[in-house]
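Chemist: As given, the protein sequences belong to chains R and W, one line each in that order. Going by UniProt numbering, the first sequence opens with residue 1, and the numbers climb by one from there. Going by UniProt numbering, the second sequence opens with residue 1, and the numbers climb by one from there.
What the hints contain is simulated information worked out from the structure, not anything from laboratory work. Treat the hints with care, since some could be wrong.
[Said to hold, decoys possible] Cβ-Cβ distance ranges computed for the label pairs, FRET-style: (1) Leu32/W / Asp158/R: 51 to 59 Å; (2) Ile125/W / Thr55/R: 52 to 60 Å; (3) Ala164/R / Ile125/W: 20 to 28 Å; (4) Asp157/W / Asp165/R: 34 to 42 Å; (5) Gln22/W / Arg72/R: 37 to 45 Å; (6) Asn180/R / Arg33/W: 45 to 53 Å; (7) Ala186/R / Met161/W: 52 to 60 Å; (8) Glu213/R / Arg53/W: 14 to 22 Å; (9) Glu23/R / Gln2/W: 27 to 35 Å; (10) Lys35/W / Ile7/R: 54 to 62 Å; (11) Arg33/W / Glu23/R: 29 to 37 Å; (12) Gly208/R / Ile66/W: 26 to 34 Å; (13) Lys68/R / Glu73/W: 38 to 46 Å.
[Claimed, not checked] Here are the simulated SDA-like pairs of lysine to any residue, each with C-alpha atoms no more than 25 Å apart in a straight line: (14) Lys129/R / Asp167/R; (15) Lys182/R / Arg130/W; (16) Lys178/W / Asp71/R; (17) Lys182/W / Arg130/W; (18) Lys129/R / Thr65/R; (19) Lys88/R / Arg130/W; (20) Lys91/R / Glu93/W.
Model, not experiment: these values are computed from the prediction. The beta-carbon is built from N, C-alpha and C at its ideal position, and this holds for glycine as well.
Each chain, written out:
Number of protein chains: 2
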Amino acid sequence: MQRFFTIQKSTEFKNEKLLLPQEIFHHAVDVLRMKIDDQFELVTADEKVYQCRLTKVDKHEGQFTIIKAIDREVEMPVKVTIVCGVSKGDKAEEIVKKGTQLGADRFIFLNSRYSVARWKSQKQIKKIKRLQTIALNAAEQSHRNHVPEVEWANSLDDVIMKNADTDFKVVAYEESAKQNEKTVLAQIAMQARTKGLTSLIAFFGPEGGIAPEEIKQLTAADYQCAGLGPRILRAETAPLYLLAALSFATELE
Amino acid sequence: MQRFFTIQKSTEFKNEKLLLPQEIFHHAVDVLRMKIDDQFELVTADEKVYQCRLTKVDKHEGQFTIIKAIDREVEMPVKVTIVCGVSKGDKAEEIVKKGTQLGADRFIFLNSRYSVARWKSQKQIKKIKRLQTIALNAAEQSHRNHVPEVEWANSLDDVIMKNADTDFKVVAYEESAKQNEKTVLAQIAMQARTKGLTSLIAFFGPEGGIAPEEIKQLTAADYQCAGLGPRILRAETAPLYLLAALSFATELE
């Protein structure tokens, strides 16, 4: 069933006859050609989900009613923030699209030391806006209850400072994979399973990799170097490995 | 270090002075501009890996010598065959590229019931050839010892018959995810960890999903319906989830 996100909170749904928010009206009626009695799912800003039915459609607005609340856990028990040095081409789009399907809580992008294609300030704003739309669409399609935030960071210092109170911090370092580092991700998974940690931040380099001084800076701030298996993963694949592995470890049994 | 695959077997390397195979010569010297004393890794058809050094380069051929054998386990303990109903666009390319990085052993594509963009016979040959090249390049880049085979199957019956003796068979079914199926993938991982299974075949539908009659046919042939977490994954993301989860479960500790 089609899922929409609204910026309204569930506490605002007091009437029997509810007015469809304009942006959803456009998507549902103009784009998807939904008609009276068609059903959809609505996720509120406070992440409640409702099964709804269109009760009235005219040229400019639609009314709906709530059939029932849906109470199904689709969010990972550990909130994962994916931090990526920007790469060339549409890799950021790919990371946000697939990362949202795989349960990421938040994305942060930055120009890191070895980023070949740096985003200048004009591009930063445009790109982040576009990535936020991609996250919304992917959240609708993958039936998330939470739309991951997409943020820009001006520097690695900035990332480190603003996320200092995250439970667990890792950096996916190619050299760790080569040195056969095998335990950090498993440790995180175990702690997440036993609810010993509920937030994780993971730093990934761009296609050029992570600079030694960045590794120094990150490890000084308690980021642990983690291997993601014995094969060399590309910049856009590594975050997906981490997310899938954590989902497997915490959501399957 | 740059890695190349050769169709030669390690037993053919008897001389001190070895001749670089033509296709590698072209890639190494013409494309990558490698020079005398540059080092590279060579993987033979029997999946042995050697660290090598260029000893002579002229216009048409190159000679190299073996420095040492490299003995590092980079292949998953369970051989995973990914079977996909064909999807629109370049999703097959994406599955092969990322799936190779994530350790797949083999890929099979077919026109499945709900495939929107069916591959006709002329296209089948062209596409499979192209996908095989993508697998080779991805295997070089991710430092695999094995280049996954890419195959075409004429029907689901064909896939089922030719892979009947695989240890474990699964089908990634969206309905299983919705019904909160959580145990099949964990079972596979546990058996793989204890070496109880060494081969797995996993069937994935195209973007249109899997037809009920296909599920019937697959389950009749002992394919178990597996959920891949609580979120709805797209056709090109689901195989990556399975591979990353299995790598995590069998290659990290």
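Chemist: Which of the listed hints are broken here?
Modeler: 1, 3, 4, 5, 6, 7, 8, 9, 11, 13, 14, 15, 17, 18
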